[in-house]
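Trainee: Let the sequences and hints guide you as you build the complete structure.
Protein chains in written order, with the numbering used here: chain A, 1 to 217; chain B, 1 to 108.
Errors might be hidden in some of the hints.
[Said to hold, decoys possible] Below, a sample of chain A positions facing chain B; criterion: calculated Cβ distance under 10 Å: (1) Gly70; (2) Arg130; (3) Phe158; (4) Val161.
[Said to hold, decoys possible] Computed far set for chain B versus chain A, every beta-carbon distance over 12 Å: (5) Gly29; (6) Gly68; (7) Glu79; (8) Gly84; (9) Leu90; (10) Thr92; (11) Leu93; (12) Gln95; (13) Pro96.
[Said to hold, decoys possible] Computed cross-link-like contacts, DSS-like style, restricted to lysine-lysine with a CA-CA straight-line distance of at most 27 Å: (14) B/Lys41 with A/Lys115; (15) B/Lys45 with A/Lys30; (16) B/Lys57 with A/Lys30; (17) A/Lys195 with B/Lys45; (18) B/Lys105 with A/Lys195; (19) A/Lys30 with B/Lys66; (20) A/Lys115 with B/Lys101; (21) B/Lys57 with A/Lys115; (22) A/Lys115 with B/Lys66; (23) B/Lys57 with B/Lys101; (24) B/Lys57 with B/Lys105; (25) B/Lys101 with B/Lys45.
Because the hints were derived from the structure by calculation, they are not lab data.
Keep in mind it's a predicted model, so treat the numbers as computed, not measured.
Where a beta carbon is used, it is the ideal one built from N, C-alpha and C, also for glycine.
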Amino acid sequence: MPCFCVRRWLFSLVFLSLIAPVRAAPMGFKESVMAMGDFGPNWREVFANYALTPRDAVGAGGLWMRSDDGLRQRSLADVGYTRLLTRWNLPNAQANVWFFGGLGAVTGNDFAGSKLMVTPGVQADYETTRIYLAASARLYRARGLNHDFASLRAGFSFYEVDYDEVQPWLVIEARRMHGLSDTTEITPMLRLIHKRFFVELGANQSRQARANFMYIF
Amino acid sequence: MNKLIVLITIWLLAPFAFATTTIKASVNGMVCSFCAQGIEKRLSKLPAVASVFVDLKHRIVAVEAKPGQTLDPAQVSAEIVEAGYAVTQLETLAQPLSEVKAQAKALK
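Mentor: Here it is as structure tokens:
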């Protein structure tokens, strides 16, 4: 029953994608350091990781989240592990499945002290020189807290460029976080990619600005 | 005097004796510069490498050896694989990198 197994695996992947942050390749090449940031009114995240192997990276970061009404806040400081589970290097495309593992301490303005939070997640992405698709799901769980996160992204580049040129993309992201927001945030973003950096600028349907970056050292 | 003549002769003939070696690889999965820069960085660190050329559109990575040095195709291939990509074809060319670049540009 191999077809059934593949269908079930694909279904599981799509299901997971509907329930977490999507990054382009979430780690750099072996022995590189990648720094990432995601900034908006209700979501601010910074993270850096070091690629131990072509498939494994370890890092640390911080995440601040706020509910849509601005009343509840969460702050998470965590250490993370990123694993490239599988990669398909195709003639004109690349597809990946990633695993994220995270462990940290979360604090909030509606409970005392800090709690241990675990943040496992997966990401599947497919990219050509002109098209980008990604789905990600990540759990944010602590005792009495559930802020599971899901995200879908689709984008296209305006034109192909040479390796040493900046490439502009239009990317649209839909994301949702359980327990802090009742709405699905839709954000169209202009993405600029060059060798070392990756920048995204946009605004969501509530006209809240958003900025993401990645940089490889 | 004879020694001086020999030295001058060697100096004059050296560029012909050490013909430029370039290794050209066809690479699968190389779709964006942000992702592919690892290839350039890793190959640039090899002691015998003078320069690296990456062409995303035609999926080509080419490296030129320093004068008088030779490149190990297996090592070039291994570095690309370590950067996370798949090498589908590897050629050793007796032509400078500038010619490979010019040929790639001409295809666009």
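Trainee: Output the indices of the hints that this structure fails to meet, ascending.
Mentor: 1, 3, 5, 7, 8, 14, 20, 21, 22
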